[in-house]
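The whole structure should be built from the sequences, with the hints applied where relevant.
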Amino acid sequence: MPTNQIEVLGHAISNGKGVQLNLDIAKLHTRTKIQVPIIVERAKKEGPTILITAGIHGNEINGVEIVRQLVSKKYNKPECGMVICIPVVNVFGFLNQKRQFPDGRDLNRVFPGSPRGSLASRFAYHIIKEIVPLVDYCIDFHTGGDGRFNIPQIRINEGDEETLQLAKVFAPEFIVQTGHRDKSFRHTLHKLDKKVLLFEGGKSLHIDDAVSKAGVSGALRVMQHLGIRDFSKELESMDAKIKKPKVVKSSSWIRATYSGMFHPFVKLGSKVSKGDVLGSISDPFGYFERNVKARFPGYVICINESPIVNQGDGVLHISRD
4 MPTNQIEVLG
14 HAISNGKGVQ
24 LNLDIAKLHT
34 RTKIQVPIIV
44 ERAKKEGPTI
54 LITAGIHGNE
64 INGVEIVRQL
74 VSKKYNKPEC
84 GMVICIPVVN
94 VFGFLNQKRQ
104 FPDGRDLNRV
114 FPGSPRGSLA
124 SRFAYHIIKE
134 IVPLVDYCID
144 FHTGGDGRFN
154 IPQIRINEGD
164 EETLQLAKVF
174 APEFIVQTGH
184 RDKSFRHTLH
194 KLDKKVLLFE
204 GGKSLHIDDA
214 VSKAGVSGAL
224 RVMQHLGIRD
234 FSKELESMDA
244 KIKKPKVVKS
254 SSWIRATYSG
264 MFHPFVKLGS
274 KVSKGDVLGS
284 ISDPFGYFER
294 NVKARFPGYV
304 ICINESPIVN
314 QGDGVLHISR
324 D
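Here my numbering runs 3 ahead of the position in the sequence shown, where the first position is 1.
Everything labelled a hint here was simulated from the structure, so no lab data went into it. A few of these clues could be false.
Unchecked claim - The calculated PhoX-like cross-link candidates involving lysine-lysine, where the alpha carbons are at most 20 angstroms apart (straight line), are:
| # | residue 1 | residue 2 |
| --- | --- | --- |
| 1 | K216 | K252 |
| 2 | K244 | K80 |
| 3 | K80 | K36 |
| 4 | K101 | K30 |
| 5 | K76 | K216 |
| 6 | K76 | K236 |
| 7 | K20 | K77 |
| 8 | K244 | K216 |
| 9 | K296 | K274 |
| 10 | K216 | K80 |
| 11 | K171 | K246 |
Here is the structure:
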């Protein structure tokens with residue numbers, strides 16, 4: 004990285020300086036600007052640039068909390084390189100506590116966007132055009148959708164050995180290798196040769212302290228590994244024990260055979276065998292109850308905590324290897 008000024012959203016940032024900027028390229032029908040705060044901290048010494056994002060889905064609050072903690076505790080101030088934090092990418096979704104962008108689209112399905120596309124597409128375009136070229140690495144924080152509670156995990160592209168090693172540095176309990184999801188933020192950055200760790204933990208509209216701790220400690224380990232800053236004392240005070248992650252190469256959902264009230268019997272992270280009773284589905288009147296059994300052995304990496312499920316809904320996500 005050069006030692007002279009770097010321009011971010013038209014603002015020159017010198018070595019050792021920090022600034023909060025606003026990405027405000029779009030307006031609602033009321034002419035209200037969509038302003039997304041972007042917090043940039045640059046060290047005096049050269050080094051890599053890491054982008055830390057959350058809230059691409061506006062109702063995924065736990066990711067926002069993780070990035071908030073990184074900023075409020077000044078962990079985003081580097082000794083080398085630059086740290087760019089976007090705690091809430093989809094600000095209006097966050098205000099409305101909804102997953103979608105104001106135009107009803109899923110922002111994570113329109114990248115790299117278009118300057119003449121939908122509102123979400125235009126916004127995605129400017130992130131890719133103005134922020135991403137400065138970035139070497141990215142940690143993107145998410146939660147499970149609706150009532151689906153994900154155990155803290157890192158998702159990476161299958162076959163990417165360098166990112167796999169970086170995921171092991173993050174040290175979640177599980178690393179899930181997945182295929183490409185077209186037009187997602189992660190897939191777009193991957194095509195631009197950026198290394199991306201996608202964190203999944205918790206569920207929508209919920210903050211869990213254990214998930215937050217896993218996200219914060221993992222981010223500190225990655226930044227320390229990249230030489231951005233030494234967080235040895237902080238990690239020691241957090242008592243953030245390093246786990247040997249289990250690498251999941253394939254997984255499947257166990258879906259509800261019946262509609263009714265779902266009662267899970269197992270805990271996240273538990274190992275199950277084929278035929279184990281994992282929960283039950285019952286009617287609200289006390290006349291009907293059926294067990295939900297494991298069809299294959301594996302680890303439980305997500306549980307649907309919605310009390311009411313419909314036939315075909317995913318109720319438990321189990322690793323297959």
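How the hints compare with the structure:
1. Of the pairs offered as hints, the one joining K216 and K252 is violated, with about 25 angstroms between alpha carbons and a cut-off of 20 angstroms exceeded.
2. At most 20 angstroms may separate the alpha-carbon atoms for a hinted pair to count; K244 and K80 exceed this at roughly 23 angstroms.
3. For the proposed pair K80 and K36, the alpha carbon gap of about 29 angstroms is over 20 angstroms, so the pair is violated.
4. For the hint pairing K101 with K30, the CA-to-CA distance comes to about 18 angstroms; that is within 20 angstroms, so the pair holds.
5. The suggested pairing of K76 with K216 holds, with an alpha-carbon distance near 13 angstroms, which does not exceed 20 angstroms.
6. With a CA separation close to 13 angstroms, the supplied pair K76 and K236 stays within the 20 angstroms bound.
7. Distance hint between K20 and K77 is fulfilled; the C-alpha atoms sit about 14 angstroms from each other, no more than 20 angstroms.
8. For a cut-off of 20 angstroms, the pair hint linking K244 to K216 stands: about 11 angstroms separates their Cα positions.
9. At roughly 13 angstroms between alpha-carbon atoms, K296 and K274 fall within 20 angstroms of each other, so this suggested pair holds.
10. Distance check on the hinted pair: K216 and K80 sit about 19 angstroms apart at the alpha-carbon level, within 20 angstroms; holds.
11. Note on K171 and K246: the hinted pairing holds, with a Cα-Cα distance of about 9 angstroms set against a maximum of 20 angstroms.
The structure shown violates the earlier hints numbered 1, 2, 3.
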